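Guided by the hints, dock chain R onto chain B, whose structure is given.
Protein sequences, first through last, are from chains B and R.
Numbering-wise, the first sequence is residues 1 to 211 according to the working numbering.
Numbering-wise, the second sequence is residues 1 to 211 according to the working numbering.
I should point out that these hints are in silico values taken from the structure, not numbers from a laboratory.
Each hint should be verified, as a subset may be incorrect.
Since the list gives no way to pick out one identical chain from another, each pair is judged satisfied if it fits inside one copy or across any two copies.
As a list, the in silico DSS-like pairs of lysine-lysine whose alpha-carbon atoms are at most 27 Å apart [as the list claims (entries may be wrong)]: (1) K146 <-> K157; (2) K136 <-> K154; (3) K146 <-> K136.
Please read all numbers here as calculations on a predicted model, not as lab measurements.
2 protein chains.
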Amino acid sequence: MYNVITISRQFGSGGRELGRRLAEELGFAYYDDEIIAEISKRTSLSEEYVQQIVEHRPVTLMPITIGHSFYPVQHPLMEQSQNIYQEQAEIIREMSEKSPCVIVGCCADYILRDKKLLRLFVFADMQSKIERCRLKGPDEEKLTEKQLRKQILKVEKNRAKYYEFYTGRAWGDKLNYDLLINTTNTDIKLIVSVIKRMFDKNVLAEAEAKE
Amino acid sequence: MYNVITISRQFGSGGRELGRRLAEELGFAYYDDEIIAEISKRTSLSEEYVQQIVEHRPVTLMPITIGHSFYPVQHPLMEQSQNIYQEQAEIIREMSEKSPCVIVGCCADYILRDKKLLRLFVFADMQSKIERCRLKGPDEEKLTEKQLRKQILKVEKNRAKYYEFYTGRAWGDKLNYDLLINTTNTDIKLIVSVIKRMFDKNVLAEAEAKE
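One chain only, chain B, in its complex shape (with noise of 0.2 Å):
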């Protein structure tokens, strides 16, 4: 039995809102942006600046030439970048803790790594992203589509590279989760009750009871 299901999703996939569905449905905790609210209360930054960095892909460090060997240097925004991450991995570890809980984003799937998680990755064709991203907001209603897909290949090469800079891994690899759903042309709240359905004793039950 599951008690933390991770998402990682493509921007504009509907995953936000398929892990809100979910975690509704199963009375688990969601966490999401209250992510980001307890690292800005725990090191006094900004949200808006733990945000943009959580969001954006980190520094990278930059090795200067001394004679003939190379030194990284520890640069300060990629300092308060892993210390960010440090806490970030921190509040997930205790979050996972204290109930059980669906978390969009944040590198769970590798900080809780050896606990049983249910990982999921949200996804969908280009023009199925851009239409939900319409749906959004006055913001992105404003945007044209070519606009609204330089934003939308902007932000996921950015969640790739922090992903792969803190775990290692290649995101939306499918080694890397159990579950991988397409959203195009799909209902969320059909998807919602489908996967909520191995939570339910008389599936895992049912499941078992077969040879």
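Below, chain R without anything else, positioned relative to chain B:
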């Protein structure tokens, strides 16, 4: 509501077992080797030969140079491979019309792309595939881990090439499937019980009733 489920699968991932059990649970027809047998009947080629063509990558066109131009020359084996593919496509279309069914492999997801399908891709990590292969039969039992790994990679390479040749799509690319299922450390019976729920009228009604 889906009437046809297509299953693409990595070698040793348990995709066939998943398909067979799902068909049983749903009362759907199940097609796998039946397709090969039917092609063999219609083309008067032996089942072994048809299997070999379908499981192996097609012979590529060999351009020859005449003067300064390149002319593709039709290789007889290539022609036969294409005839087999045509028969395969025809049989799959007929089967999908006859009754609700589960079809394993054979580019069915592409051949039936204009229909409402549930397209599954079943995969697992290498260790798990090696262990499943070992359980399959006496031939595999005798192979070393290294030999099994080599065999798995070869079969998958051929599947990918066959699929890509006839569909122009990348085998295993997330966007070609609705659901990608990792069977590493997972009980196939549990997965079947859960996917079965996608066809449960109560689940569908429940999902639709939610705002």
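Each hint, compared with the structure:
Within a single copy, K146 and K157 get their C-alpha atoms as close as 17 Å, which meets the 27 Å cut-off; across copies the closest is 36 Å, which misses it. Proximity of K136 and K154 under a CA criterion of 27 Å is satisfied intra-copy only: 17 Å inside one chain copy versus 45 Å between copies. Proximity of K146 to K136 under the C-alpha cut-off of 27 Å is restricted to the intra-copy arrangement: shortest distance 17 Å within a copy versus 51 Å between copies.
Comparing the model with each earlier hint shows no violations; every hint is respected.
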